[in-house]
Each structure stands twice: as C-alpha cells, then as structure tokens.
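Build out the structure end to end from the sequences listed, making use of the hints.
Just so you know, we're using my numbering here: the sequence shown kicks off at 6 and counts up by one.
Label-pair distances were calculated between CB atoms; the ranges are:
| no. | residue 1 | residue 2 | range |
| --- | --- | --- | --- |
| 1 | Thr103 | Glu83 | 13 to 21 Å |
| 2 | Arg130 | Leu107 | 30 to 38 Å |
| 3 | Val115 | Glu62 | 37 to 45 Å |
Hints listed in this document are in silico derivations from the structure and should not be mistaken for laboratory results.
Since this is a predicted model, take the numbers as computed values, not measurements.
Even for Gly, the Cβ is constructed at its ideal location relative to N, Cα and C.
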Amino acid sequence: MLKRLVLASFLLASPVLAVQPDEVLPDPAMEARARTISQVLRCPVCQGENIDESNAEVSRDLRLLVRERLIAGDSDSEVLDYITDRYGEYVLFEPEKTGANLILYYLGPVALLIAGIGGFIYLRRRGSAVEAAPQALDAEEERRLKELLADDKPGA
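Right, dumping it as structure tokens:
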C-alpha cells in the first residue's frame with residue numbers, strides 16, 4: 006500500500022513536458038535534434054525558461070518552427086540562425102560573444118575584481134594606520150587641569 010502511495014505521489018509530482026504529442030516528429034533522431042535546439046532557445050514570454058519546457062503559445066509556435074526547418078533539411082546552426090534573425094539574440098540562452106554582448110559578458114567580473122581590489126586596499130590602509138599616542142601634558146596644562154578638577158569638587 007505504501008509503495009503504491011509513494012509511486013503515485015512521484016507520478017503526480019513529476020513535471021509535465023510542454024512538448025505536445027502532435028508536435029513530436031516520427032523520426033527519433035530528428036526529434037532529438039529538435040529537442041536539443043529547443044533547449045537552447047529562450048521563451049520570449051517566460052523568464053528563464055526554454056521553449057522545450059514552456060507552455061506559452063509563442064513557445065509552441067517556435068517548437069513547430071524548429072521542426073519545420075529541420076524537416077526542410079536545415080542544419081542545427083541554420084535553424085538557430087533563422088530563428089535568431091526573426092526574433093533577435095534575446096531568444097538564445099547564450100548569445101554570441103561579439104560586439105555589445107562582450108560588455109555584458111565581462112562587465113560583471115571586471116566590476117567584481119575592481120571592488121575586491123578596492124576593498125583590499127581600503128582594509129590594508131585602515132589596518133596599517135598607526136594612531137598617534139597622546140602627548141604628555143606640559144607644566145602649564147597640568148596646573149590648569151588641577152584647577153579645573155578642584156573647581157568641580159563639591160564644597161570647594
């Protein structure tokens with residue numbers, strides 16, 4: 006009884022794949038290629054989800070488009086180029102490392118490196134700063150201090 010309950014909970018908790026049965030290609034090798042391509046394409050509507058897992062209508066259209074291009078004889082790179090030309094580099098999970106994208110790729114690590122160096126320099130300077138020891142009072146300052154302290158005593 007417990008085994009059946011555990012099995013049922015796993016089956017119910019398993020994720021539902023977004024690829025619909027009517028989208029699956031009859032050729033398993035071509036379907037595998039389509040799934041691989043679909044996993045590197047970002048859903049234009051969903052955040053951080055590929056079109057293979059997304060349930061959005063535009064993702065379904067893109068999955069069908071990928072399969073149509075593969076049936077037409079396009080290579081994987083030609084399919085990606087075709088979709089990128091139509092939707093822009095935003096649909097790629099890993100855009101090309103050229104042009105303005107280089108700034109996006111390297112700005113974060115460079116900023117982190119600069120912040121780390123700045124923090125190191127700050128801590129180094131702060132730790133090496135020697136505080137000056139207070140100077141001893143001269144005779145005049147000593148006399149004045151005694152006067153002030155004597156004035157503060159009650160009954161004086």
